[in-house]
Amino acid sequence: MDQRQANSLIMTVNEKKFIESALLSDIRVDGRRPFDYRNLTIRFGSEDGSSEVQLGHTQVIGFVSAQLIQPYRDRPTEGTFAIYIEFSPMADPSFEAGRPGETAVELGQIVDRGLRESRAIDTESLCVVAGKLVWSIRIDLHIIDNGGNLVDAANIAALAALSTFRRPECTFGGEDGQEVIVNPPDLWEPLPLIIHHLPVAVTFGFIGKENNVVIDPTHYEEAVMGGSMTATLNTNGDICAIQKAGGDGVLQSVIMQCLRIASVKAGDITSKIKNAGSIDVAKYHMERLTLGSDVSTAGHSNMEIGSQSNERDETNKKNTTAKGFSGRPASWDPYSRGVDGDALKASLASRVTAPPDKHIKSSRQVKADVAKSSQRSSDTNSFQEAKKIGLQTDESKTLKDAVKPRQKRRINKSTSNSAAT
Amino acid sequence: MEYVNPEGLRLDGRRPMEMRQLRAEIGAVSGADGSAMFEMGNTKVIAAVYGPREVQHRSQMVNDKALIRCEYTMANFSTGDRTRKPKGDRRSTEISLVIRQTMEACILTHLMPRSQIDIFVQVLQADGGTRSACINAATLALADAGIPMRDLVTSCSSGYLNSTPLLDLNYVEDSAGGPDVTVGILPKLDKVTLLQMDAKLPMDIFENVMQLATEGCKAVANYIREVLIQNTKQLEHRRGV
Chain A
1 MDQRQANSLI MTVNEKKFIE SALLSDIRVD GRRPFDYRNL TIRFGSEDGS
51 SEVQLGHTQV IGFVSAQLIQ PYRDRPTEGT FAIYIEFSPM ADPSFEAGRP
101 GETAVELGQI VDRGLRESRA IDTESLCVVA GKLVWSIRID LHIIDNGGNL
151 VDAANIAALA ALSTFRRPEC TFGGEDGQEV IVNPPDLWEP LPLIIHHLPV
201 AVTFGFIGKE NNVVIDPTHY EEAVMGGSMT ATLNTNGDIC AIQKAGGDGV
251 LQSVIMQCLR IASVKAGDIT SKIKNAGSID VAKYHMERLT LGSDVSTAGH
301 SNMEIGSQSN ERDETNKKNT TAKGFSGRPA SWDPYSRGVD GDALKASLAS
351 RVTAPPDKHI KSSRQVKADV AKSSQRSSDT NSFQEAKKIG LQTDESKTLK
401 DAVKPRQKRR INKSTSNSAA T
Chain B
1 MEYVNPEGLR LDGRRPMEMR QLRAEIGAVS GADGSAMFEM GNTKVIAAVY
51 GPREVQHRSQ MVNDKALIRC EYTMANFSTG DRTRKPKGDR RSTEISLVIR
101 QTMEACILTH LMPRSQIDIF VQVLQADGGT RSACINAATL ALADAGIPMR
151 DLVTSCSSGY LNSTPLLDLN YVEDSAGGPD VTVGILPKLD KVTLLQMDAK
201 LPMDIFENVM QLATEGCKAV ANYIREVLIQ NTKQLEHRRG V
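From first to last, the protein sequence lines stand for chains A and B. Numbering-wise, my numbering puts 116 at position 116 of the first sequence, and it's gapless, one number per residue. Numbering-wise, my numbering puts 18 at position 18 of the second sequence, and it's gapless, one number per residue.
Everything labelled a hint here was simulated from the structure, so no lab data went into it. Note that the Cβ used here is the ideal one computed from N, Cα and C, for glycine as well.
Taking lysine to any residue pairs in the SDA-like style, the calculated list, with each CA pair at most 25 Å apart, reads:
| # | chain 1 | residue 1 | chain 2 | residue 2 |
| --- | --- | --- | --- | --- |
| 1 | B | K87 | B | A75 |
| 2 | A | K209 | B | K191 |
| 3 | B | K191 | A | L23 |
| 4 | B | K191 | A | F35 |
| 5 | A | K16 | A | D26 |
| 6 | A | K265 | A | I195 |
| 7 | B | K85 | A | E96 |
| 8 | B | K87 | A | E86 |
| 9 | B | K85 | A | T80 |
| 10 | A | K209 | B | K218 |
| 11 | B | K65 | A | M11 |
| 12 | B | K188 | B | L228 |
| 13 | B | K233 | B | D151 |
| 14 | B | K85 | A | T103 |
| 15 | B | K87 | A | V105 |
| 16 | A | K17 | B | N63 |
| 17 | B | K191 | A | D238 |
| 18 | A | K274 | B | M203 |
| 19 | A | K17 | B | P113 |
Some, not all, of what chain A presents toward chain B, calculated at C-beta under 7 Å:
| # | residue |
| --- | --- |
| 20 | V105 |
| 21 | S118 |
| 22 | I242 |
| 23 | A245 |
| 24 | V250 |
| 25 | Q252 |
Build out the structure end to end from the sequences listed, making use of the hints.
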């Protein structure tokens with residue numbers, strides 16, 4: 001029951017009056033009109049299912065991961081999903097580390113209600129073996145910066161992350177054909193989630209007594225407003241959820257007007273999410289195409305390296321390491337927005353030798369080192385067997401096959417590596 | 001499953017626009033400053049109000065207003081299966097927040113600075129519409145405690161099943177997966193203070209469903225006013241007036 005948090009924003013009377021009187025002339029403190037949204041930027045990370053959303057000063061990072069679990073007894077053919085929101089203390093002085101406060105729980109409930117009750121994610125398609133194995137989707141949202149209106153930003157981050165998430169394909173195999181094999185993403189194209197519609201949240205703030213309504217309130221407006229309403233809608237004209245948890249009373253006509261405005265804004269935001277998503281999909285396909293030319297030679301080593309899994313069974317894009325071997329200057333960098341000048345110079349100087357070297361040095365995942373990776377492969381194999389259901393057992397054979405042709409290059413690299421590191 | 005049969009009767013024999021039977025009792029908890037018990041059909045809740053009193057945690061004191069605290073709990077035996085954690089889980093936290101903010105909007109907090117008003121609501125029997133019953137019970141308890149309010153707050157829920165708007169859903173209708181709209185209004189001012197909806201609903205149908213819930217709230221408000229008048233008459237009688 002924590003009510004006032006120690007460092008929450010306290011507004012002076014002057015600031016309150018300033019915001020209210022500015023609204024009487026239809027102007028807001030940051031220059032927007034009452035029904036204008038702030039700038040929305042949606043970016044995607046290097047891994048499938050990660051997104052970063054910036055709405056004005058508010059920043060939220062979303063991440064989607066999947067795991068195979070046993071389904072609930074009363075829903076044996078449906079997968080599950082859960083939303084976890086973390087209010088990082090760096091976002092706002094009033095956020096405290098540890099147990100989520102009331103606002104965090106409310107935020108989680110709003111995003112969850114928008115997705116779950118409206119059946120935006122198709123959970124039946126997540127079923128692998130009815131009654132035994134289903135995919136459990138976990139959506140993690142981290143609030144990085146609180147500039148106001150966390151609900152909308154968190155919702156967009158969740159939707160963006162879900163639309164770019166790819167889950168591994170499962171096939172049946174093994175001796176009796178009953179074992180479920182989770183195919184690594186480099187061999188089998190991972191599948192996107194089936195999302196029926198995008199429920200977008202639009203938040204309104206009610207400031208002052210004259211029923212002044214603003215959309216997308218900033219941090220300061222939130223401290224001044226008497227009540228707020230969040231409407232989650234999709235572009236099919238359906239209202240997925242509404243949350244107006246107390247606060248100042250408003251007329252029914254005002255509520256209906258807000259809903260009509262919200263449906264227009266939801267259309268804008270949906271198209272932004274889809275555009276950003278399609279650009280990312282195009283990039284993804286391009287990267288996989290460039291990978292395709294290397295698959296014949298480096299495909300097996302990719303698979304081995306690609307099948308190293310983290311504890312959360314993320315579907316990482318391991319093809320980035322393969323590109324390091326291909327020797328192309330710009331395409332190996334997972335963060336293709338920033339190519340360090342040294343790498344570019346080195347690659348221009350010597351096309352074949354330098355890029356993998358630079359890649360090894362600058363990459364976080366030092367997987368290009370085959371000696372290390374062969375060690376890791378045995379570790380990860382046992383790790384995977386503990387974690388996953390069944391694995392293809394011919395991996396060790398193919399690793400040896402893959403290593404041999406590369407060995408000549410690797411020896412040179414390892415010496416230069418040891419010299420460098 | 002058929003929630004409205006061809007004759008137009010629901011599973012419990014009600015008509016689509018019919019509310020469940022209401023029953024309220026003031027003074028259920030003798031030790032509290034104000035208390036009430038509210039029943040909507042089979043849903044039964046008790047609310048107790050303590051305040052205005054001294055703020056227990058000095059750090060939380062607000063200098064110009066009263067601090068409102070609210071706790072919503074469900075008794076273990078309130079639902080069909082015995083629940084494990086009656087409070088502290090996400091749903092209870094959210095409903096506590098919702099009730100607190102709803103009551104905060106109608107209590108004249110600026111008249112009682114540096115004090116604290118506690119509202120405790122406990123669900124004894126849950127058969128759908130617990131949120132609404134809790135708000136109605138809290139209103140009665142606050143009135144019984146003599147806390148100054150702008151207006152009563154009454155709440156009612158409605159849904160949409162088998163293409164019919166239904167008023168005051170019970171548990172079976174609520175868990176059908178259709179939309180569930182909970183509305184809380186200030187009846188005299190005719191303003192909506194609480195509005196919650198889950199599950200998909202097209203916008204034009206939503207307006208009808210919300211209108212239906214608002215009518216339900218007004219009916220509850222009439223009943224609550226009657227109960228309060230009866231209570232006052234009884235108090236007059238006891239004082240020998």
